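Under this note's numbering, the final residue of the sequence shown carries the number 109; numbering is consecutive throughout.
Incorrect hints may have been included.
[What the hints assert, rightly or not] Here are the computed lysine-lysine pairs in the BS3-like style, where the Cα-Cα straight-line distance is at most 25 Å:
# : residue 1 : residue 2
1 : Lys-57    : Lys-42
2 : Lys-68    : Lys-42
3 : Lys-57    : Lys-68
4 : Lys-57    : Lys-43
5 : Lys-68    : Lys-101
[As the list claims (entries may be wrong)] Ranges of calculated distance between the beta carbons of each label pair, as one might list FRET restraints:
#  : residue 1 : residue 2 : range
6  : Ile-105   : Pro-35    : 34 to 40 Å
7  : Lys-57    : Asp-86    : 16 to 22 Å
8  : Ile-37    : Asn-90    : 39 to 45 Å
9  : Leu-73    : Asp-108   : 14 to 20 Å
10 : Asn-25    : Phe-89    : 26 to 32 Å
11 : Val-45    : Asp-23    : 16 to 22 Å
12 : Arg-69    : Arg-91    : 42 to 48 Å
13 : Glu-40    : Leu-98    : 49 to 55 Å
Calculated from the structure, these hints are not laboratory results. Bear in mind the structure is a predicted one, so any value in this text is a computation, not a measurement. No residue lacks a Cβ here, since even glycine has one placed at the ideal position from N, Cα and C.
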Amino acid sequence: MAEHHEGVEAVGMGVEMVARLIDENDDFRRFLETPRIAVEQKKEVIRSAFGETLPVKLVNFLQVTLDKRRQRLLRAIAREYMGLMDQHFNRVHVEVTLARKLDEISMDE
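Using the sequences and the hints given, assemble the complete structure.
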């Protein structure tokens, strides 16, 4: 979906934003998942809500997930994309445990 570094990062930020919105906003999650609202209506809401803020390819992808009725998988898709993005940028997530508390200067470094 995103080939260049800038595209990968922009799509990743958008994917993360949508996943967070689904996690934190029950109304939005229910809106996406309910069969009572027509797919075309959902697609129009996605277009109007995200068309100006998210990359076009991501908006199109969200609409395809609605067409294929895969919107319940968006959080899992987001997690997988974030993992792929970490691989792309050679990022490794670590947890650090220290014997003593760091001062503010050390924390900033």
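Status of the hints after comparison with the structure:
no., hint, verdict
1, Lys-57 x Lys-42, "17 Å, holds"
2, Lys-68 x Lys-42, "13 Å, holds"
3, Lys-57 x Lys-68, "16 Å, holds"
4, Lys-57 x Lys-43, "14 Å, holds"
5, Lys-68 x Lys-101, "50 Å, violated"
6, Ile-105 x Pro-35: 34 to 40 Å, "55 Å, violated"
7, Lys-57 x Asp-86: 16 to 22 Å, "20 Å, holds"
8, Ile-37 x Asn-90: 39 to 45 Å, "41 Å, holds"
9, Leu-73 x Asp-108: 14 to 20 Å, "39 Å, violated"
10, Asn-25 x Phe-89: 26 to 32 Å, "28 Å, holds"
11, Val-45 x Asp-23: 16 to 22 Å, "18 Å, holds"
12, Arg-69 x Arg-91: 42 to 48 Å, "33 Å, violated"
13, Glu-40 x Leu-98: 49 to 55 Å, "54 Å, holds"
The structure is inconsistent with the numbered hints 5, 6, 9, 12, although it conforms to all the rest.
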